[in-house]
Amino acid sequence: MTTTAAPPAPPGRPGRDGGPEPGGPGRLGSRLFGCVLIAIALALVVAGVITPLAIVLSLPFLYMLVRKPVLRRLAVRNAARRPRETALVLLGALLGTAIITSAYVVGDTLRASIRSTVFTHFGPIDELVLTNGAANGARVRAALDSAHLSGTDGVLSLLAVPVSASSQGPNPRAEPTAQLIEMDFAAARAFGGDSSATGVSGPTPSGDGAAISRDLADTTGLKVGDSVTVYAYGTSVSRRVVRILPRLGVAGLRRFNTFGNLSPNVFAAPGTIAELERAGAVVRRPSSQVAPPVAMVAVSNTGGVLAGAKGTVGVKAELDRAVQGLPAHVATVKQDELDFADRFGRSFTQFFQQFGLFSVLAGVLLLVNIFVMLAQERKQSLGMLRAVGLRRSGLIGSFSLEGWLYALGSSALGALAGLGIGRLVVVAASRVFNSGVRRGGGLQLRFSASVGSVQKGFGVGFIIALVTVVLSSLYVARLNVIRAIRDLPEPPSTGRHLGRLIAGTVCGIAGVALTVGGFTGQQGILLLIGPALLGLGAVATLRTVPVRVRVTVVGTVVIAWTVLSFGVAHKAFEKAGILTFVVQGIILVAFAVALVTENQETIGAALRALGGGSRNMSLRLGLAYPVAKRFRTGLILAMYSIVVFFLVFLSVFSHLFGRQVGDFTRKLSGGSAIEVESNNANPVPPAGVRSLRGVTALAAASQTTGEFRFADRGTDKDYQAVDSVIGFDQSFIGNGSPQVREAVGNDAYRQILADPSKVVVPREFLSRSNGPPGPPPKLGRPVLIRDPVSGQIRTLTIAGTVEANDFRGEQVYVAQSFAQSFFGPRASPSRLYVASAPGTDNEALAASINGRFVANGADANSFHHLVTQDLSAQLQFFTLIKGYVGLGLLVGIAGLGVVMVRAVRERRREIGVLRSLGFSRVAVRRAFVAESSFVALEGIGVGAALALVTAWRTVQSHAFGNGLSFGVPWAELSVLVVATAVASLLATAAPAVQASRIRPAVALRIAD
Amino acid sequence: MLEAVGVRKTYRTGAETVEALRGIDLSVVAGEFVAVMGPSGSGKTTLLNCLSGLDDIDEGTVMVDGEDIAAMSDGDRTRHRASSMGFVFQAFNLIPVFTAIENVELPLLLAGAPAKKARAAAQETLVQVGLGHRMNHRPTELSGGEQQRVTVARALAGRPRIVWADEPTGNLDSETAAHVMDLLHHLHREGLTVILVTHDKDVGASAQRRIEVRDGVVVKDERLR
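The listed protein sequences correspond, in order, to chains W and B.
The working numbering applies: residue 1 is where the first sequence begins, and numbers increase by one.
The working numbering applies: residue 1 is where the second sequence begins, and numbers increase by one.
Hint data in this document are derived by calculation from the structure and do not stem from the laboratory.
A few of these clues could be false.
FRET-style restraints, in silico, Cβ to Cβ [stated by the list, open to error]:
| hint | chain 1 | residue 1 | chain 2 | residue 2 | range |
| --- | --- | --- | --- | --- | --- |
| 1 | W | Gly499 | B | Ser143 | 28 to 34 Å |
| 2 | W | Pro69 | B | Gly75 | 30 to 36 Å |
| 3 | W | Gln376 | B | Glu59 | 37 to 43 Å |
In silico contact screen, one side only, chain W against chain B (beta carbon under 7 Å); selected entries [stated by the list, open to error]:
| hint | residue |
| --- | --- |
| 4 | Gly304 |
| 5 | Ala307 |
| 6 | Met617 |
| 7 | Ala624 |
| 8 | Phe631 |
| 9 | Thr840 |
| 10 | Asp841 |
| 11 | Val913 |
| 12 | Leu917 |
| 13 | Gly918 |
| 14 | Ser920 |
| 15 | Ala1001 |
Source: prediction; values computed, not measured.
Note that CB positions come from ideal geometry on N, CA and C, so glycine has one too.
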């Protein structure tokens, strides 16, 4: 058994036919397990009450603003006192809100873009009743007419067949994925009661006239009066273009079960398709098989284009009853599209929120840091306030009121910034979505941001910031008046041993319970959280052991377990999603930062020794402060480490996947060099391709759209579309059959040929994972297949799994005999696998096939090209996410800037003393640079080292498959480290220069 | 050793201009113990800052050991302070993240002394001020008197020719203050020049020479012993 690695799937990318892959709502959406679902559910619940909650939480602050002039004065004046620092605080704090808002905006855009297709591709059409051939179509229509449907305001008969269409003249331009439609234009305009929503105008084309869609006109250059040639059934007809219709409503009807942005339609006179069928039957070999036209009866629900979808459930039930006994299937196309839009948008929001979590956490740490620094800076004045009668609650109020102002300002600015970030993400995502698209124009993203989303982004960011500042205020307000006034240090804590002991014990017990639960329930995330809690409990309770030893030992053990867990408990992590990696990152960074913080003196001593020992006074001083102020340093370290961890982790994996083109190509191609897709009503003749120079072997297979669900789970609502149900025969084995990763027995493909009730499915079959590949479906598990046109259902058994279907759209492999019996003539051999002689230029051969078989809608591509193209899209997505996560570094850098600016103020007196003792300006500047460099580089180092070790162990554990070999993108990492370090230094350059300019006498005079 | 002629210093605070020193002439010979006294705002500390080179002057000259420190660049003045001066401040002004011994060896290292020699000299000086047992404590772990003794040790460790002390006993109780003054007198007897700013009449009376400053001018300059 061999395994091919596959990159983690983003929540959705356009499929090869111009949109997210069929079944996309499922495949491309997020399938998060266990606690993630709970978190999402909670988030959804919270989303509904965010705004009222934000208002309720603000009430005490509004009261203070109005009724407590002293607190108001303290808060407002402190915030306004140093505008530059306030700006830095706002900058650091706003990013969290910006990231949350941008995630909502991205979801809005996806949702709105897909929902817009309701108007462009369906208009008044709410349901389509589908069947094979015109005769069945007539029976279905008759059945519906006699059913007296309620809740509908129109039915419309259509007959459609996939065709190729081209212009004529010396330089003809062809559209291989067009659709020929016959319908009554007057009936179409009247359909649904709003002619403007149908896009249909003029009379029904007659004779040699045809109306074409704007999309077809654009791709072929056809104009009114030109001649359009339509190819189907091995023959062609030419028609004169009499009208060009917009991509709207019925005129914009998309080919069924495709997800594209374009509708290249030709509307011809009734009888045209029959004429093509008759003419084709003459020229075709009797044995050749072609797909019949699909007859559709469109149904419009009452209530207009959008509101009409609300009646879908009732109307579908009536339609099902009406066509009972007929070979027809009712497709709720509009409601499905709307549901898909909602799921897709939500899935993207969650996806980006999960990636943005690191930056949000960094923002929280920054706020805590700022408030602790503010408290230290103002300690004496706070003590004085307490001495003159300000109660502790007043102190908390003043502090948290200032924080409320920061939270309000930063959240408002963050929501605006989120719109900008969202827009950037949409531009980048649009490129990714359309980069690997071959047909149909991909998904055209239209930027959209609802007021509700901006409100939610603002609300969530505001609440996070507010809770952070209130908790920080509670923490810093515990000062002793005398000690504060005299600026004396707080004594070591003595009174909370019991509390810590209880908290530690609870943590430990919870940790054990979660760990046991993780092992028994095979839940990877619990196996990460459990031991971490156990470790926390141990640190809190083992008070007889020196804290440094405690933290070092526990930290090392927890880090080691967290890194190794993927390999040790591989099965538990098979379902790991993004959140698992987020949790892993947070635990690793938290314990590593604690470990480093407790050992800062050793690290500082080592660095001092390396940097010239005692004589390098700048380095000595630069290291002394971060080593002494461990809490503050730890917070900055965490801000850097947490973001760098995930950036490096992503960089390593994008690097690993980028190197796999050759391996993926070999495993996917199954011995063939080129894959040819064509129009199933007019497939490329195999003999024509076989005769081409360089072709050594050829396999023909059918490609049909089917719908699947597991037989032992779910209901009819769970059917997911799979656009490529490949019906193969003997010739396919060894020439196009992708490598099987798991099978009962030796040869899954031969088993299927011997027993056509079996099927080979992709590893991610019917899954919605957006992390590493999830567990493959169990061999022998029964699945149901449904024909979306006839509605018939059959049970198949899984005989094997293949991997890496992300590169070609989801593909399921069945015996050709089964495909033909199940799908009928639609299972025509429209897909060819071409093997070529060594040394053949496969790109040139594919181009030659495309040129020669335009009439058949040929779309030939080398496997190498397909893999490269799709991998490139995956890597672009990685880049997009890296950019998104990288925003968090701005928080860290802004945080360092804030800390250094405040450090200059805090240390004015010390700088004055140093200068009076002979410390030069340059030495002061160097000390500050050394300090910020130390903190930034230590944070970057911790994050990068953890990420590299984790990535290495993850690859070794085969969580992403056996095919990956570990490697480090040194160049990219160097750029990341250097750019972050330089940006950090730039952020501290101004305070460092400011510090060096402090005149000793002035500093001492002010201080004294 | 120190010759100041026509020293003027003006501060501008917003729209207000304060003439802190109005043409001070002063000379101090090596080995003198001088107390500068005067009411608050009289210009005592400004005088100390200007004479020691911690602050710029607007007019006049300040010659220390024959060199005009007012005319020196910031770098040269900084080096000059490191090599020949020591400072004791009222608020101790120890570097909080350094231990006592690290604070004391700081000026030695800044003056370019080898690390081992600096450490040895710092140890010796701390022992001399009675803090041999508190060398590795940080300032926050020391009492006020101990901190001031560390400050004195820091001022003396580099064996400066002149020590500037600004209200060295201002933050200390009388017993500790007496102890610190004993220390300064002891060092003075060993040949050190001490220029001290104080409010305390007793402290002022213990000096060899007392200078009284009022409104930025020297109003009295008397030799006490």
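Violated hints, by number in ascending order, as checked against the structure
The structure breaks hints 2, 4, 5, 8, 9, 10; every other hint is satisfied.
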